[in-house]
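Quick mapping for you: the protein sequence lines, in order, are chains A and B.
The first sequence lines up with residues 37 to 990 when you count with our numbering.
The second sequence lines up with residues 2 to 116 when you count with our numbering.
Quick caveat, the hints were computed from the structure, so don't treat them as lab data.
Any given hint could turn out to be false.
Unchecked claim - Computed Cβ-Cβ distance ranges for the label pairs, DEER-style: (1) A:R458 <-> B:H109: 25 to 35 Å; (2) B:Q103 <-> A:S414: 43 to 53 Å; (3) A:M504 <-> B:W72: 37 to 47 Å.
What the hints assert, rightly or not - Computed footprint of chain A on chain B, listed as stretches where at least three residues anywhere in the stretch have a Cβ under 8 Å from a Cβ of chain A: (4) 15-29; (5) 63-74; (6) 77-86.
For glycine and all other residues, C-beta sits at the position ideal for the given N, C-alpha and C.
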Amino acid sequence: MTLHDVCSSLREWTRRVWGAFGGRRTDHDLQRELAGHLALAEDELRRKGHAPRDAARLARAAAGGHSQALEALREQRGLPWLGSSWLDVRLGLRLLVRNWGLTLVGGLATTLAISIAAIVFAAFDVVMWSRLPLDEGDRVVAIQVWDREAGRRRDTTWQDVERWRASLQSVDDVGAFQTTRRNIITSDGSVELAAVAEISAAGFRVARVAPLVGRPIADADAAPGAAPVVVIGHDVWQRRFAGSRDVIGRELRLGADVHTVVGVMPDGFQFPFNFRYWVPLRRTADGMLRNTGPEGVVFGRLAPGATLARAHAEVLALGILAPAHRSAEHGTEPALRSAEHGTEPALRSAEREGGRVVPYTFAFTGDFEPGDMSLLWSLSSLGLVLLLLPPCANIAILNYARTVSRQKEFAARYALGGSRARIIWQLFIEALVLTAAAAGVTLLVVQVVSVVVAGRLQNIPGGPPFWMTFGLSSRTLLFVAGLAVAGAAVSGLVPALQATGRLARLGAGALAGRTSVRLGATWTTLVIAQVAFSVGVLPLAAELAWGTLRTGVIGPGFAAEAFATARVAPEAERLVLAADEASRQVASGPETARRQRAVLFGNRQRELARRLLADPGILGVAAALQPPGEEPWVFVDIEGRDISTEVDVLNGRPPGFLARFNQVETAFFDIYQVPTLAGRRFTEGDVATEAAAVIVNRNFAETIAPGALRQAQGAVSAPNGANPLGRRFRYVRTTGSEWVHAPEADRWYEVVGVVGNLPVTTDARVAYHAAAPGRIQPAHLQLRLRGDPAGLAERLRDLAASVDPTLQVDEVRTLAEIYREHRFGDNLGAITIGAVTGSLLLLSAAGLYALMAFTVAQRRREIGIRSALGAQPGQLMAAVFRRAFWQLGAGSAAGILAAYLTGRYVPIEQIGGLPIPGILPGAAAFMLLVGVLASLGPARRGLRIDPTEALRSE
Amino acid sequence: MPNREPAKAEVLRGTLDLMVLQTLAALGPQHGYAIGARLEQVSAGALTLNMGTLYPGLMRLEQQGLVKAEWGVTDNNRQARFYAITAAGRRRLAADKKAWDQMVAVMHTLFEDPA
Numbered sequence: 037m038t039l040h041d042v043c044s045s046l047r048e049w050t051r052r053v054w055g056a057f058g059g060r061r062t063d064h065d066l067q068r069e070l071a072g073h074l075a076l077a078e079d080e081l082r083r084k085g086h087a088p089r090d091a092a093r094l095a096r097a098a099a100g101g102h103s104q105a106l107e108a109l110r111e112q113r114g115l116p117w118l119g120s121s122w123l124d125v126r127l128g129l130r131l132l133v134r135n136w137g138l139t140l141v142g143g144l145a146t147t148l149a150i151s152i153a154a155i156v157f158a159a160f161d162v163v164m165w166s167r168l169p170l171d172e173g174d175r176v177v178a179i180q181v182w183d184r185e186a187g188r189r190r191d192t193t194w195q196d197v198e199r200w201r202a203s204l205q206s207v208d209d210v211g212a213f214q215t216t217r218r219n220i221i222t223s224d225g226s227v228e229l230a231a232v233a234e235i236s237a238a239g240f241r242v243a244r245v246a247p248l249v250g251r252p253i254a255d256a257d258a259a260p261g262a263a264p265v266v267v268i269g270h271d272v273w274q275r276r277f278a279g280s281r282d283v284i285g286r287e288l289r290l291g292a293d294v295h296t297v298v299g300v301m302p303d304g305f306q307f308p309f310n311f312r313y314w315v316p317l318r319r320t321a322d323g324m325l326r327n328t329g330p331e332g333v334v335f336g337r338l339a340p341g342a343t344l345a346r347a348h349a350e351v352l353a354l355g356i357l358a359p360a361h362r363s364a365e366h367g368t369e370p371a372l373r374s375a376e377h378g379t380e381p382a383l384r385s386a387e388r389e390g391g392r393v394v395p396y397t398f399a400f401t402g403d404f405e406p407g408d409m410s411l412l413w414s415l416s417s418l419g420l421v422l423l424l425l426p427p428c429a430n431i432a433i434l435n436y437a438r439t440v441s442r443q444k445e446f447a448a449r450y451a452l453g454g455s456r457a458r459i460i461w462q463l464f465i466e467a468l469v470l471t472a473a474a475a476g477v478t479l480l481v482v483q484v485v486s487v488v489v490a491g492r493l494q495n496i497p498g499g500p501p502f503w504m505t506f507g508l509s510s511r512t513l514l515f516v517a518g519l520a521v522a523g524a525a526v527s528g529l530v531p532a533l534q535a536t537g538r539l540a541r542l543g544a545g546a547l548a549g550r551t552s553v554r555l556g557a558t559w560t561t562l563v564i565a566q567v568a569f570s571v572g573v574l575p576l577a578a579e580l581a582w583g584t585l586r587t588g589v590i591g592p593g594f595a596a597e598a599f600a601t602a603r604v605a606p607e608a609e610r611l612v613l614a615a616d617e618a619s620r621q622v623a624s625g626p627e628t629a630r631r632q633r634a635v636l637f638g639n640r641q642r643e644l645a646r647r648l649l650a651d652p653g654i655l656g657v658a659a660a661l662q663p664p665g666e667e668p669w670v671f672v673d674i675e676g677r678d679i680s681t682e683v684d685v686l687n688g689r690p691p692g693f694l695a696r697f698n699q700v701e702t703a704f705f706d707i708y709q710v711p712t713l714a715g716r717r718f719t720e721g722d723v724a725t726e727a728a729a730v731i732v733n734r735n736f737a738e739t740i741a742p743g744a745l746r747q748a749q750g751a752v753s754a755p756n757g758a759n760p761l762g763r764r765f766r767y768v769r770t771t772g773s774e775w776v777h778a779p780e781a782d783r784w785y786e787v788v789g790v791v792g793n794l795p796v797t798t799d800a801r802v803a804y805h806a807a808a809p810g811r812i813q814p815a816h817l818q819l820r821l822r823g824d825p826a827g828l829a830e831r832l833r834d835l836a837a838s839v840d841p842t843l844q845v846d847e848v849r850t851l852a853e854i855y856r857e858h859r860f861g862d863n864l865g866a867i868t869i870g871a872v873t874g875s876l877l878l879l880s881a882a883g884l885y886a887l888m889a890f891t892v893a894q895r896r897r898e899i900g901i902r903s904a905l906g907a908q909p910g911q912l913m914a915a916v917f918r919r920a921f922w923q924l925g926a927g928s929a930a931g932i933l934a935a936y937l938t939g940r941y942v943p944i945e946q947i948g949g950l951p952i953p954g955i956l957p958g959a960a961a962f963m964l965l966v967g968v969l970a971s972l973g974p975a976r977r978g979l980r981i982d983p984t985e986a987l988r989s990e
Numbered sequence: 002m003p004n005r006e007p008a009k010a011e012v013l014r015g016t017l018d019l020m021v022l023q024t025l026a027a028l029g030p031q032h033g034y035a036i037g038a039r040l041e042q043v044s045a046g047a048l049t050l051n052m053g054t055l056y057p058g059l060m061r062l063e064q065q066g067l068v069k070a071e072w073g074v075t076d077n078n079r080q081a082r083f084y085a086i087t088a089a090g091r092r093r094l095a096a097d098k099k100a101w102d103q104m105v106a107v108m109h110t111l112f113e114d115p116a
């Protein structure tokens, strides 16, 4: 086929598509041409001597059928199947309106299923497929140190960064950034805590965006002793400097330092993450670039002609320096040797760790291998598609029952020349109308959810990265369209194939309404499966939803607005030293420096607490590692007790039970007015000596000494002698886990007291350790309030800045807000489960009703004959219900068995649900009732009919 | 009414396009009736095209850009649509003629080969 042939074909099909929607040649035009042909033929015959009437007749005979010719022209003019599909769409819409029950129930269930799938897809789309909106953004890469054994990133040494910068051929402009948080203090004293990018000068070259005013960060700005400079974002320029052009040279106070503004970036520029302040990146004292979260990424741009694979191979070959060879600690240049030369390696084992190059946006998705995300997506997409199956299968059953009742219509069309394929196509289009309507609603839902999520993410400190835009992408549109087609295929094609399978054999009998369609084994199985699904799975979903919703419905059970929490942290490794503190500063190693910083921070914390207590709106202050409800999780092993039966749901490894731990000051329990149920509270001795004393909450105590605690005051032992006091336990560290603030693993701790469960953690087991001020960094101050908490955040920041301008305060929330945040995700999940459950139950009931009604209606002839032969109404009803009860009973039994087995191996409490007494028999009874009602109506109508009428109508 | 097949010839698929293009190239713009009459005359009555075959074929050629059409008046004052070959049509005609000649030569050799 030549190029000309291809062009000709394309032209033809383009014009045919245009012709399908009207086009240039109308039917009138076509008829005119054909009439002209006939007239010319007639003229020719008359010239040959034929009479006018004969000439006309012979001309028509020779020219062929006029109607057939016109039909052939119409088919060539457009795409006949497209035109007729439009008629099918209109018919489908009429059917939707006529069968509004099916439309409502089926549409709701399908919309829910497609919406859930689309929302998950949209989330993946944003996280996995967002492109960096920079010039050739897909060539910007991140370079990481990857621990293959642990499957996570490691911190990078400065030496490695400099080696990469100097040696790599396939990556240009290698640079790095770290995130720090600084108090931006204005001249009027107001404090704003902001994320600041400490970034290499290469960052602006990689981004390829020039400043709007002034210059970017230069390499010289990072030199030791260079004056502190800052580049600001457009909105900062507008907000703080009124967009003045003479902003260059103005000063901006970041924490303890005054920076000079040297440049302003254009509106929308937020590289490398979502920053509005950029300062030079200086080498840290320990020579490490932290890799936690978005803090600490090495980036670069692929050199012209280089590929990601080549860059990755080059970085891998370069190797990674072992941490012991940091020049900052040893004061010497690292002895860089290659393992190739057979010398003692200064490089880390390449088998365990190595460098890797990944797309820049991928570096922020977490500790994944590039293939992991694809696998995760593949599995998720399979699950999402399967989510469509229950509603579509139900609709398929309803459609089948309706389709079978249209046998007369299909038989007539078949007799007139319509093909089975055409009829099936029509039924598919009718189903597609419903799923397309559901897809349309889904697009609205996705758009709304995107707006809500984007709004919530903006409220998170820092917000999402600048390359993530939330909304409907073309990929999401295509995905939703694909789901609509898939749903129509399941709910329309399958029943259509079944219902039209015997068209060719039906013959004239079908036109008279006589069909041989019966619900065979397939559909009986479907009825049983549907009942089993409803009885077995839906109660489980309801219990899961209730377990999640219950606390939200009942409420926290205390005055959550009267408590607040605030995160307090020093600026990284910085504190403004008072004169007496400076004289005592002796830096002689990292451990000593850390202890001294702890003392300094502790001084700040005490002073801040003192000033807070002077505020009439604050009744109490105590620091903790985390606020209640957000404590870290740990595994706990009790001395002398085998708890290996508890399932380690995370990695199936060491024995132990899941609990939370917290580090708290002595006043913590007084803040929350938590009673002491046994033993004692923390003393100063526990704090000072880092003792092994631990206080546990009631849930924890009940786990280690079941039945030990009674309602009665002072009861500390159960009849069997169990006593939580004095019991020892230790924390179990799983292999490869990283604990940021974990207590020491394998050290034995002793329970010295038991307190009541704190609000928000009523379901958790919690262990509390004593901590002195300064030992917890950052610390969460727990505040007991008097009155309205409005303005608390600003008061706290101002007070903290007055103690030390480098003290940062953020995450100021009341416990009610924490509660709502926790509940938001749970509530959303529960409402989703509840809505899906409810719609599926409704759909199952409707499907069951339609099938049962159809089955009984098909037996009218039999009922009529038996009635004519003298059968009693009771006998007839029994025959009808016998079959119905068999199907319903089999389905209910299968469902109950499935629910029992599921509950035995996966108790509902373990997955966050709560048992609802009687829900299982209730679901079975509900489905039985639906089946009975479905059978009753048609059976009674069948009994009332005259037997001769029933025989005649068949 | 179906096409009347030639007594001892079978119209090959795609040859109608070739016949129409050749007719228009040789005779200039013609209406559909004249094209059909020409083909019947040249084939000595062996090939008779009815409207249901001729006009869809002309429409297809027009859609492919190989012919163009416009309304006109015949010698005996009848309204008819006149078809004329385009440059693309001439290129297609040349290519198809070449392919046809090659096929004919091959078949001739096959038929004449005593072995």
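Query - Hints violated by the structure (numbers, ascending) - result: 1, 3, 4
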